[in-house]
Amino acid sequence: MKQKIFPNVDAAVADVLDGARIMFGGFGGAGFPNNLIQALARKGTKKITAISNNCGTRDGELGLLFKNGQISHVIASFPGPHANYFQERFATKEVTLELVPQGILCERMRAAAAGLLGFYTTVGVGTEVATGKEERVIDSQRCILESPIQADYAFIKAERADELGNLTYRLAARNFNPIMAMAAKITIVEAEEIVPVGAIEPENVVTPAIFVHRIVQAKGIRYAG
Amino acid sequence: MKQKIFPNVDAAVADVLDGARIMFGGFGGAGFPNNLIQALARKGTKKITAISNNCGTRDGELGLLFKNGQISHVIASFPGPHANYFQERFATKEVTLELVPQGILCERMRAAAAGLLGFYTTVGVGTEVATGKEERVIDSQRCILESPIQADYAFIKAERADELGNLTYRLAARNFNPIMAMAAKITIVEAEEIVPVGAIEPENVVTPAIFVHRIVQAKGIRYAG
Amino acid sequence: MPDKPRLTREQIAACAARELPDGAYVNLGWGIPNLIADYLPTGLTVFFHSENGILGMGRRARPGEEDYDLVDAMKVPVTLAPGASFFHQADAHLMTRGGHLDVAVLGGFQVSEKGDLANWKVPGARGPGGIGGAMDIAAGAKVLIVCMEHTTKDGAPKIVKHCTYPLTALACVDTIVTDLAVIDVRADGLVLREIAPGWTKKEIQELTGAPLL
Amino acid sequence: MPDKPRLTREQIAACAARELPDGAYVNLGWGIPNLIADYLPTGLTVFFHSENGILGMGRRARPGEEDYDLVDAMKVPVTLAPGASFFHQADAHLMTRGGHLDVAVLGGFQVSEKGDLANWKVPGARGPGGIGGAMDIAAGAKVLIVCMEHTTKDGAPKIVKHCTYPLTALACVDTIVTDLAVIDVRADGLVLREIAPGWTKKEIQELTGAPLL
Numbered sequence: 001m002k003q004k005i006f007p008n009v010d011a012a013v014a015d016v017l018d019g020a021r022i023m024f025g026g027f028g029g030a031g032f033p034n035n036l037i038q039a040l041a042r043k044g045t046k047k048i049t050a051i052s053n054n055c056g057t058r059d060g061e062l063g064l065l066f067k068n069g070q071i072s073h074v075i076a077s078f079p080g081p082h083a084n085y086f087q088e089r090f091a092t093k094e095v096t097l098e099l100v101p102q103g104i105l106c107e108r109m110r111a112a113a114a115g116l117l118g119f120y121t122t123v124g125v126g127t128e129v130a131t132g133k134e135e136r137v138i139d140s141q142r143c144i145l146e147s148p149i150q151a152d153y154a155f156i157k158a159e160r161a162d163e164l165g166n167l168t169y170r171l172a173a174r175n176f177n178p179i180m181a182m183a184a185k186i187t188i189v190e191a192e193e194i195v196p197v198g199a200i201e202p203e204n205v206v207t208p209a210i211f212v213h214r215i216v217q218a219k220g221i222r223y224a225g
Numbered sequence: 001m002k003q004k005i006f007p008n009v010d011a012a013v014a015d016v017l018d019g020a021r022i023m024f025g026g027f028g029g030a031g032f033p034n035n036l037i038q039a040l041a042r043k044g045t046k047k048i049t050a051i052s053n054n055c056g057t058r059d060g061e062l063g064l065l066f067k068n069g070q071i072s073h074v075i076a077s078f079p080g081p082h083a084n085y086f087q088e089r090f091a092t093k094e095v096t097l098e099l100v101p102q103g104i105l106c107e108r109m110r111a112a113a114a115g116l117l118g119f120y121t122t123v124g125v126g127t128e129v130a131t132g133k134e135e136r137v138i139d140s141q142r143c144i145l146e147s148p149i150q151a152d153y154a155f156i157k158a159e160r161a162d163e164l165g166n167l168t169y170r171l172a173a174r175n176f177n178p179i180m181a182m183a184a185k186i187t188i189v190e191a192e193e194i195v196p197v198g199a200i201e202p203e204n205v206v207t208p209a210i211f212v213h214r215i216v217q218a219k220g221i222r223y224a225g
Numbered sequence: 001m002p003d004k005p006r007l008t009r010e011q012i013a014a015c016a017a018r019e020l021p022d023g024a025y026v027n028l029g030w031g032i033p034n035l036i037a038d039y040l041p042t043g044l045t046v047f048f049h050s051e052n053g054i055l056g057m058g059r060r061a062r063p064g065e066e067d068y069d070l071v072d073a074m075k076v077p078v079t080l081a082p083g084a085s086f087f088h089q090a091d092a093h094l095m096t097r098g099g100h101l102d103v104a105v106l107g108g109f110q111v112s113e114k115g116d117l118a119n120w121k122v123p124g125a126r127g128p129g130g131i132g133g134a135m136d137i138a139a140g141a142k143v144l145i146v147c148m149e150h151t152t153k154d155g156a157p158k159i160v161k162h163c164t165y166p167l168t169a170l171a172c173v174d175t176i177v178t179d180l181a182v183i184d185v186r187a188d189g190l191v192l193r194e195i196a197p198g199w200t201k202k203e204i205q206e207l208t209g210a211p212l213l
Numbered sequence: 001m002p003d004k005p006r007l008t009r010e011q012i013a014a015c016a017a018r019e020l021p022d023g024a025y026v027n028l029g030w031g032i033p034n035l036i037a038d039y040l041p042t043g044l045t046v047f048f049h050s051e052n053g054i055l056g057m058g059r060r061a062r063p064g065e066e067d068y069d070l071v072d073a074m075k076v077p078v079t080l081a082p083g084a085s086f087f088h089q090a091d092a093h094l095m096t097r098g099g100h101l102d103v104a105v106l107g108g109f110q111v112s113e114k115g116d117l118a119n120w121k122v123p124g125a126r127g128p129g130g131i132g133g134a135m136d137i138a139a140g141a142k143v144l145i146v147c148m149e150h151t152t153k154d155g156a157p158k159i160v161k162h163c164t165y166p167l168t169a170l171a172c173v174d175t176i177v178t179d180l181a182v183i184d185v186r187a188d189g190l191v192l193r194e195i196a197p198g199w200t201k202k203e204i205q206e207l208t209g210a211p212l213l
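Protein sequence lines correspond, in order, to chains S, U, X and A. Counting in the working numbering, the first sequence runs from 1 upward without gaps. Counting in the working numbering, the second sequence runs from 1 upward without gaps. Counting in the working numbering, the third sequence runs from 1 upward without gaps. Counting in the working numbering, the fourth sequence runs from 1 upward without gaps.
Calculated directly from the structure, the hints in this document are not laboratory data. Any given hint could turn out to be false.
Computed list of lysine-lysine pairs in DSBU-like fashion (alpha-carbon distance at most 30 Å, straight line) [as the list claims (entries may be wrong)]:
#	chain 1	residue 1	chain 2	residue 2
1	S	Lys185	X	Lys153
2	A	Lys121	S	Lys93
3	S	Lys185	X	Lys114
Chain S on its own, in the form it takes in the complex:
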């Protein structure tokens, strides 16, 4: 049987080609796959579509990829006050942005994960978010049609992975990671610790192994601010 464990982060992202659509877990400094992001920076993949809640913290998190000019389009809910490399490239139109309400961003990824082709929501009705979207009235409520967000890869940060790919997350570092892990074609996980099969209680698994394709052990990196 093919092993999911990779020897290092560079090997885990070695096939990520120019133009890839990549989901990046993390929120508020917690749960970012920073080791995988650094490996992607070393690899130099370009024209990335990034799907992430925000757009980096100075040169930390996604900031590094914006700084390097590797991202050409981003789908995010909140670029963030310290996303200066994103802001620069957005100002010069080197990067385009689709701004999505945070819960709808989650739900659109989940729709992709769940094989759904779209859903109706009241969120965004009457706002800029509704521009260009189908609107209708269901049960006397105005709502808009939102479509799934697919990706080629998800870069995920877990606390523990077993050798089959079952995952747990630490505290609020869970955030977007389990949703993205389900939504992408290939899910690449950096885990603080790789544990033997059976070390995670079946009832306590957060991301079942079916969603995980590559695992690499890496110690967390955190960016201040």
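Go by the hints and put chains U, X and A onto chain S.
Relative to chain S, chains U, X and A alone:
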């Protein structure tokens, strides 16, 4: 602060009036809120719309309510080979049935829980399930529009509840319970054990307390077959 | 209809088991598919999914070992393989519908030459029938195998031009494993890939309601 | 504009805190709302939700106590109250959108007399702005309270006939708590319920862009 813990199952269902829409957890004999169902039989609530994967096992599980003539409509995926009281009342047209694919049943309840007004799926296209539903083509795939399933109550079986209403489930007795707990207006839980606040690890909570309105301690009842 | 031995249900299951790739995530439906777990080729590792919220289901429980909170989708007490996990039924079907299962194996009443499947309701049977997880699984699995007898008890073909039984899903079946043959459903038609010992292509064609390539 | 003292941000927060029912599940947004947790009336128990997947958030972490995997939606290290739980961001927003929060409190740039809210983007500001969880929260909370200054720094009303800033959601606000007043948004209009000490209804009406009942 209002306490969620009720002294007994009869008190927990005392306000369930005729015509109520009720979701019932459980699958394959596991995770059925049998004590609450028995309390509902004692109360004698009639004209219930039941939402459940199946329709009882002889006079066990929902069978008791069909036997008593308390259910007038049921939304289910698989009435089941031993649902003889349902079958009798279905044959005499005392009970009507909406048959829903199992995953779509889950997803329609989740849509209600998540405040979504409908979703498109390929499941059921070209089958009896599509009858009367809007059909369209999205991304070259034929799909149908499915609507949320709401309920007044969910009857839930948990292994452990803490005093605030955080829940865990035992093994595959989890099944429909966490989805229904999120989808109903009032969620009533029978738990094998009520534990002090803090006894369940925050990372291991399956149903967060926000979804739980009433808790009652009751030992599990199982029906053979 | 030639009165020659056909494969048993167990042999059909063994035949279908050889279709599973190593490391696959697999869902097994009611009937013959449920026997497959007992006939896995040596050295093959697959992970069994159950739509009631289990990944990594192990063998059936032995007498005395039963835990009725640990049952498969057929309500049969099972065990867990190492590395198993539990999740709720919506996530279980996110897996089925979302294309996360490598292979699903279902039983069938009829399969059409386009790969349409009918497997949940017999016309004229008493009661409303039951869908269960079949429609979600059929719509979403990367590869869908159907295991069934090649003909009905009356000798009528179950592989047909157009299904006459209520449909489960359109154009969903990839491979049909019967007591006479293994047949792949391709865009250009049904391809007869394997024939049961002692049978000829001509005999199988006569028992099949659509042309075999 | 009368040069009289107005409520401080902390006093606005304390005022909004009195709007919370006992036992409520509550989400607090950026700005003034985030101060509310420090001003809860004695004996009141509320449970704080954070859209990054925490229910039962406790007080902010003290120096030396910070764990950067345990932060609120503003990225501030927090603690847990007893009975807390973690879940992923989709479930966190299932709670916001699905009507599970009893009360949400958001900051605001403008609120219209119909209860439309604008709180995510200042026209003409550099960059694309950021929505975050505001649109989901505004659309779904059972009760939505907006805390803000009554007027802009230039003295212009922030409570208006029609919002001119980019909207967050239509007809979503139930109550506006400002440094001058507590105002309920009703079907028939804006109802002035409380007035800051030393102010008159007439003075407040002059600083408000829509009629107060």
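Open item on the list: Let me make sure I understand: some of the numbered hints might not hold for this structure. Which ones are they, in numerical order?
Closed with: 1
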